[in-house]
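> Sequence:
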Amino acid sequence: MGVLGGAELWEGPAHAGRPHRARRVAGAVPGRPGGGVGVSGSAVGLPTAAHLLEVGEAALHLVPRGWEALVRVDAASHALTRFANSRIHQNVADERVSVSVLVADGARNAGASTNRTDGEALADVVRRACEAAAVVPPDPAWAGVAPTGATSAAGHWDEATAVAEPAERAQRVAAFVASGAAGQEAAGYCDTEAVVTAVATSAGQRASDRCTRATLDGIFLAAPEGGYTPAGYGHATSVHLADLDGAVVGGQAARGCASAVGAGEVEPGEYEVVLLPECVAEVVTFLASYGFNAKAVEEGQSFVEVGASPFDTAFSLVDDVYDTRSVGIGVDTEGTARTRAHLVEAGRCVGLVHDRRSAARLGAVSTGHAMPASAVWGPDAADLVVAGGGAAMEDLVGSAGRGLLVTCFNYCRVLDPKTVGVTGLTRNGTFVIEDGRVVRPVTNLRFTQSFVEALAPGRVLGVAAEARLADCEYGPGRVVAPAVRLAGWRFTGGAGG
24 MGVLGGAELW EGPAHAGRPH RARRVAGAVP GRPGGGVGVS GSAVGLPTAA
74 HLLEVGEAAL HLVPRGWEAL VRVDAASHAL TRFANSRIHQ NVADERVSVS
124 VLVADGARNA GASTNRTDGE ALADVVRRAC EAAAVVPPDP AWAGVAPTGA
174 TSAAGHWDEA TAVAEPAERA QRVAAFVASG AAGQEAAGYC DTEAVVTAVA
224 TSAGQRASDR CTRATLDGIF LAAPEGGYTP AGYGHATSVH LADLDGAVVG
274 GQAARGCASA VGAGEVEPGE YEVVLLPECV AEVVTFLASY GFNAKAVEEG
324 QSFVEVGASP FDTAFSLVDD VYDTRSVGIG VDTEGTARTR AHLVEAGRCV
374 GLVHDRRSAA RLGAVSTGHA MPASAVWGPD AADLVVAGGG AAMEDLVGSA
424 GRGLLVTCFN YCRVLDPKTV GVTGLTRNGT FVIEDGRVVR PVTNLRFTQS
474 FVEALAPGRV LGVAAEARLA DCEYGPGRVV APAVRLAGWR FTGGAGG
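The numbering of the sequence shown is this note's numbering, which starts it at 24 and goes up by one.
Worth flagging that the hints you see were computed from the coordinates, not collected in a lab.
Check the hints yourself; a few may be wrong.
Here are the simulated EDC-like cross-link-like pairs (lysine to aspartate or glutamate), alpha carbons at most 16 Å apart as the crow flies [stated by the list, open to error]:
1) K441 to E295
2) K441 to E328
3) K441 to E476
4) K441 to E322
Small disclaimer: the values here were computed from a predicted structure and weren't measured.
Put together the whole structure using the sequences plus the hints.
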């Protein structure tokens with residue numbers, strides 16, 4: 024496994040060249056399990072947090088006296104069932120373990136990782152980290168490892184989901200497929216994931232948590248119409264696989280597909296919009312990553328000024344792993360407890376997310392939002408919750424004059440980080456609204472829009488009362504979002520440009 028080290032690597036611009044996908048703990052777990060310290064490769068039982076902390080303790084004992092060290096041990100299992108042409112075509116599963124070691128001799132720090140947990144592997148990964156730290160320049164932003172501090176479990180673990188069998192996923196896929204009408208073909212996936220993580224530091228911190236996630240995500244496709252294929256979309260994510268109802272999710276996708284048949288075109292321009300939860304999830308993940316990231320604020324690349332009110336009073340946003348609808352863990356990659364971070368209250372920016380580095384530089388306290396490579400990219404909010412409003416979904420559409428209803432965004436890329444100016448496409452159903460009624464489908468459109476401006480004072484015309492975990496390009500299980508009605512959204516052309 025690779026070695027990381029040096030101020031040049033740990034410190035970088037918060038956004039230049041930034042991947043558009045966020046980093047989650049589960050996504051950072053590479054490789055296959057090795058032996059040692061009680062870690063099991065069994066498909067029906069990940070190692071316990073206690074076992075992972077034993078691995079961390081063993082690695083800490085190998086670090087030279089007087090050096091700082093952090094050891095993070097992640098174990099994860101992932102099982103996936105894919106379907107296309109209304110048939111299951113893939114069932115795969117794996118279990119992974121990763122040991123990441125960060126050491127510091129004064130301000131010189133470096134890291135290394137391995138996917139083995141035996142004594143020889145731990146000695147090797149510590150040696151490699153120490154050798155790298157000895158040759159890198161001092162890191163002026165080094166803030167030390169996390170000291171002893173209380174943490175609490177987020178409570179997002181379901182044993183039945185952690186050990187779910189392929190047949191349980193297949194049942195949900197079958198119900199999804201059966202929801203389709205004649206001439207519709209289904210495609211998508213159902214997956215389950217379980218993560219256990221533990222962090223031990225030389226300053227005495229010992230922290231751990233675990234979580235599960237289950238997702239059913241799919242589309243129905245109708246016969247192509249020229250260069251456009253009508254599609255409808257359905258999605259559900261939960262801590263519990265048992266919560267996923269294939270008939271409900273599939274029915275939503277089938278109805279959307281039927282409604283998308285016979286799509287025409289619409290002139291480019293600015294339209295009032297009703298954005299469904301997947302679109303809203305896309306918007307707020309970009310706002311969080313490019314705006315409420317404390318490193319971006321420090322570097323002057325963010326629109327956020329704490330105390331200012333760039334948003335409509337109908338818009339409020341928190342990062343809250345402890346919300347019962349969230350699916351994350353209660354400890355970050357530095358071993359700090361995740362806190363409920365209030366970001367926007369009634370349109371006013373009230374806070375940022377911090378890791379130890381940004382907190383030290385800005386005279387703040389870490390909010391527990393360090394992620395893999397946050398030394399480079401900055402801290403990141405990963406369990407966002409958009410406050411619901413008081414409107415029923417039908418009222419959002421019914422109160423619109425002429426506008427567009429958008430199901431999903433796709434291929435969103437930042438043009439201007441400071442304003443969160445983004446270009447992207449609509450997907451899986453875009454519809455014209457006239458006089459409070461959805462009247463016809465249109466083909467996919469390209470938009471170019473500042474997400475900050477879209478939510479500016481006076482621009483949020485309605486927020487649905489119901490909010491749910493919604494998918495976005497950053498991945499499932501990251502945002503709880505309602506549908507919203509906005510005064511304007513700039514569409515610049517069709518999907519071709």
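> Now look at each hint and say whether the structure bears it out.
Right, here's what the structure says about each hint:
For the suggested pair K441 and E295, the alpha carbons sit about 24 Å apart, so the restraint of at most 16 Å is broken. The straight-line distance between the Cα atoms of K441 and E328 is roughly 12 Å, inside the 16 Å bound, and the hint therefore holds. A hinted pair counts as satisfied when its Cα atoms are at most 16 Å apart, and K441 with E476 qualifies at roughly 11 Å. Proposed proximity of K441 and E322 is supported: the alpha carbons are some 11 Å apart, at most 16 Å.
Going down the numbered hints, you'll see the structure goes against just number 1.
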